[in-house]
Amino acid sequence: MDPARITPFIKSVQNVFATMLQLPVEVEDPQIKQGKSATYDVTAIIGMSGDCVGSVVLSFEQESALRIVALFTGTEASVDSPDFADAVGELVNMISGGAKALFEGRKASISTPSVVLGSNHVVSTQTDVPTIVLPCVTDCGRFAIEIAIQDQVESADADSQSAATTA
Amino acid sequence: MKILLVDDSKTMRNIQKSVLSQLGYSELEEACDGQDALSKVKAFDPDLLLVDWNMPNMDGLSFVKAYRQDDKTTPIIMVTTEAEKSRVIEAIKAGVNNYVVKPFTPDLLSQRIQETLEKCAAA
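Protein sequence lines correspond, in order, to chains A and B.
Counting in my numbering, the first sequence runs from 1 upward without gaps.
Counting in my numbering, the second sequence runs from 168 upward without gaps.
Isolated chain A (complex conformation) (with noise of 0.2 angstroms):
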């Protein structure tokens, strides 16, 4: 992947928890995903379609997610009410949101998120679109990003060449 993909992340989340939340990240270093499972046990997801495809995934530590949630929105919320997806599903959103306006000379956009719960489940992505994982740490506790996009001339090139290696 493009390093230039990630550093738009890194600025991304520290934008919208400083601005959202008042609360300061510290991005840990880059790593690749080993294994399927997702880093955390609350996940939400968003696709990226147009000139980067793929998804981005921002899992939480349960109770990281309750202290953020809370922070967020102003009140409690139980980690299986609605309210509580709604809020993690907006971060996500508004960390790939700002991200995908940095991607220079390329234009994305981004779906609706969706929000998962509970311990070790996977999320799939392209299996040939290594995952990039952005440990992140604040006073609230850790969550992670999971970053698997590519661009999509990179990806029409390793379709041709694999239409040309069949051939």
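Think of the hints as simulated: they come from the structure by calculation, not from any bench.
Careful: at least some of the hints might be erroneous.
As the list claims (entries may be wrong) - No more than 27 angstroms apart at the CA atoms, straight line, and that leaves these computed lysine-lysine pairs for BS3-like:
| id | chain 1 | residue 1 | chain 2 | residue 2 |
| --- | --- | --- | --- | --- |
| 1 | A | K11 | B | K177 |
| 2 | A | K11 | A | K33 |
| 3 | B | K260 | B | K239 |
| 4 | B | K260 | A | K107 |
| 5 | B | K184 | B | K207 |
| 6 | B | K177 | B | K207 |
| 7 | B | K260 | B | K207 |
| 8 | B | K169 | B | K207 |
| 9 | B | K232 | B | K177 |
| 10 | B | K209 | B | K177 |
| 11 | B | K209 | B | K184 |
| 12 | B | K232 | A | K107 |
| 13 | A | K11 | B | K252 |
| 14 | B | K232 | B | K207 |
| 15 | A | K107 | B | K252 |
As the list claims (entries may be wrong) - Which residues of chain A face chain B? A few of them, derived with a C-beta cut under 10 angstroms, are:
| id | residue |
| --- | --- |
| 16 | V16 |
| 17 | T19 |
| 18 | M20 |
| 19 | P24 |
| 20 | P82 |
| 21 | L91 |
| 22 | I95 |
| 23 | S96 |
| 24 | K100 |
| 25 | L102 |
| 26 | K107 |
| 27 | S109 |
| 28 | P113 |
| 29 | V116 |
A virtual CB, placed ideally from N, CA and C, is assigned to each residue, including glycine.
Got chain A; can you put chain B on it based on the hints?
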């Protein structure tokens, strides 16, 4: 002053409601997408609309285009994560009066609402 909030996120509608309450606006109606908003505009007859872009069923841009066929003047502020310049231009062309990029501070949203209402009142 009647204000229609159109956003699929209840969290975001609540944040907007809180800002509007602080500004003294209490006659608020909510819609969860463009279709829902279209079904409510006639009966509610808003004086201002805050509209998200990315929503299920009918997105904000499609809603604005449909709404502007009947109402050319009621001010609309787009409140969205879509921050690219091309998107802003697209929204303005569709009939949006002002634009707020999420994330926003309560002060910024207040400022945009007030300047939009002032401009439209002066027009």
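Evaluated hints:
no.	hint	in the structure
1	A:K11 <-> B:K177	holds, 25 angstroms
2	A:K11 <-> A:K33	holds, 20 angstroms
3	B:K260 <-> B:K239	holds, 12 angstroms
4	B:K260 <-> A:K107	holds, 19 angstroms
5	B:K184 <-> B:K207	holds, 18 angstroms
6	B:K177 <-> B:K207	holds, 17 angstroms
7	B:K260 <-> B:K207	holds, 24 angstroms
8	B:K169 <-> B:K207	holds, 12 angstroms
9	B:K232 <-> B:K177	holds, 23 angstroms
10	B:K209 <-> B:K177	holds, 22 angstroms
11	B:K209 <-> B:K184	holds, 21 angstroms
12	B:K232 <-> A:K107	holds, 22 angstroms
13	A:K11 <-> B:K252	holds, 18 angstroms
14	B:K232 <-> B:K207	holds, 16 angstroms
15	A:K107 <-> B:K252	holds, 11 angstroms
16	V16	holds, 5 angstroms
17	T19	holds, 4 angstroms
18	M20	holds, 5 angstroms
19	P24	violated, 14 angstroms
20	P82	holds, 8 angstroms
21	L91	holds, 9 angstroms
22	I95	holds, 9 angstroms
23	S96	holds, 7 angstroms
24	K100	holds, 8 angstroms
25	L102	holds, 8 angstroms
26	K107	holds, 7 angstroms
27	S109	holds, 8 angstroms
28	P113	holds, 9 angstroms
29	V116	violated, 17 angstroms
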